[in-house]
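Undergrad: Chain by chain, the residues run as shown.
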Amino acid sequence: MTEPMVRAVAVADALVGDGGAVVLVESSSGHQVVRISPMGQAVRELAAVGVPMSRLTKELVGRFGAADGDAATAVEALVAELVSAGLVRVDD
Amino acid sequence: MTQATVTVRALDVGVRIAVGDPGLVPAIEEAWHLCLAGGQEPDVDVVMPPHDGTPDSVARSLQSLTQSVTLAAIGARAGRDLMFHAGGLSHRVTGASIAYVAPGGTGKTTVTTTLGRGRGYLSDETVAVGADGTIVPYPKPLSVRRTDSGIKDETAPGAVGLTSSCVQPWLAGIVVLRRDLPPGAPVEVDDVPLLDALVMVAPETSSLARLTGPLRRLADVIEMGGGLRVVHFAEAEQLEPVVDDVLGRSR
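Going down the list, the sequences are from chains A and B.
For the first sequence, counting from 1, position 44 maps to 44 in this note's numbering; every step adds exactly one.
For the second sequence, counting from 1, position 6 maps to 6 in this note's numbering; every step adds exactly one.
Take these hints with a grain of salt, some might be off.
Negatives, chain B to chain A, calculated, CB over 10 Å [to be verified]: (1) P22; (2) G38; (3) Q67; (4) G95; (5) C166; (6) R216.
Simulated DEER-style distance windows between Cβ atoms [said to hold, decoys possible]: (7) D148(B) to D91(A): 30 to 40 Å; (8) A66(A) to T147(B): 56 to 66 Å; (9) R117(B) to A80(A): 53 to 63 Å; (10) D180(B) to S84(A): 25 to 35 Å.
Stretches of chain A that chain B covers, calculated by requiring three or more beta carbons in the stretch to come under 8 Å of a beta carbon on chain B [to be verified]: (11) 9-19; (12) 33-39.
These are calculated hints, taken from the structure and not from any lab test.
We treat Cβ as the ideally placed atom computed from N, Cα and C, and that holds for glycine.
Throw the hints in and build the complete structure from the sequences for me.
TA: Right, dumping it as structure tokens:
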């Protein structure tokens with residue numbers, strides 16, 4: 001079975017700063033500016049050319065430490081949030 | 001028969017208005033007296049919406065005309081300036097200016113009419129900021145909402161004592177207005193971190209994505225103004241110290 005790949009979606013513009021980033025995304029209702037956390041920004045960077053979910057989890061634990069509870073579940077939830085914001089996609 | 005027209009400069013864009021009812025030309029010229037640009041070649045054309053002759057219909061037509069002129073001007077400047085849904089006032093000698101950002105119907109015109117006398121009137125609707133921080137004035141008619149209906153009366157700035165800026169205005173400060181305090185409560189001012197400021201202000205801009213590097217540009221403008229502040233208030237008069245503070249700044 002192939003592992004899901006997380007890939008960053010191209011955005012109109014992005015600005016990284018202290019405490020994360022903001023991105024300008026195109027949506028059906030026009031452009032929207034979205035704030036993302038440092039961990040969300042790390043996901044986008046790691047997923048720039050596509051990254052398997054398990055490796056993404058390992059990298060995030062390495063950078064930010066282990067989450068309370070199951071790290072894989074926490075990362076999946078974060079990725080789901082980024083998917084709904086149009087910032088990454090998951091290819092099965 | 002020759003079509004009656006009035007040409008105005010809106011955000012430094014020549015807008016020629018085709019007026020179906022020539023009898024309204026004096027009213028248009030009065031309301032737009034700080035923007036009249038007779039004899040100049042227009043950049044864009046707009047058509048004044050028709051009316052049925054009743055006072056309310058005429059008022060709605062004049063209101064729609066203002067919106068059409070504003071949209072035409074914004075369209076013409078898209079990709080050049082950062083344009084905020086904001087009112088603006090300037091210091092008449094130094095040009096130091098404040099932009100107060102707020103969605104429609106939340107107090108920009110009231111603040112402008114209350115605090116504008118003795119200051120340069122920049123706009124009650126759209127403040128355009130160039131890459132160097134200079135502001136393109138747009139001293140349009142004040143769109144004064146009636147208390148008993150949604151109609152706005154397009155009011156000549158001069159009728160409420162407002163005059164144009166005498167010198168080149170430049171952005172000295174930018175605030176977001178929130179009229180959400182009960183009467184008598186003191187003004188509250190909150191500083192907003194830059195990234196949060198971008199998210200807060202971006203929805204109150206026009207054609208942001210048409211700029212080159214739009215987020216960096218927006219961040220630069222916010223930083224030029226010393227960072228974004230949210231001002232919570234109850235009555236427009238309470239904002240006098242905030243406006244005084246910003247207009248007292250030097251470059």
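Undergrad: For each hint, tell me whether it holds in the structure or not.
TA: Right, here's what the structure says about each hint:
1. Residue-level check passed: P22(B) sits 38 Å from the nearest beta carbon of chain A, beyond 10 Å.
2. Non-interface status of G38(B) relative to chain A is upheld: no Cβ of that chain comes within 10 Å, the nearest being about 37 Å off.
3. For Q67(B), the shortest C-beta to C-beta distance to chain A comes to about 18 Å, beyond the 10 Å cut-off, and the non-interface label holds.
4. Remark: the non-interface label on G95(B) is consistent with the geometry, its nearest Cβ contact in chain A lying 29 Å away (cut-off 10 Å).
5. Non-interface status of C166(B) relative to chain A is upheld: no Cβ of that chain comes within 10 Å, the nearest being about 36 Å off.
6. Separation of R216(B) from chain A is inadequate, the least Cβ-Cβ distance of about 6 Å not exceeding the 10 Å criterion.
7. Judged by the Cβ atoms, the range 30 to 40 Å given for D148(B) and D91(A) is violated: they are separated by roughly 58 Å.
8. Against the hinted window of 56 to 66 Å, the Cβ-Cβ separation of A66(A) and T147(B) comes to about 59 Å, which satisfies the hint.
9. Separated by about 54 Å at the C-beta atoms, R117(B) and A80(A) satisfy the suggested range of 53 to 63 Å.
10. The hinted range of 25 to 35 Å is satisfied by D180(B) and S84(A), whose Cβ atoms lie roughly 29 Å apart.
11. With 7 residues having a beta carbon nearer than 8 Å to a beta carbon of chain B, the region 9-19 of chain A meets the requirement of three or more and the stated coverage holds.
12. Coverage of the region 33-39 of chain A by chain B holds. Counting CB-CB distances below 8 Å, 3 residues qualify, and the rule asks for three or more.
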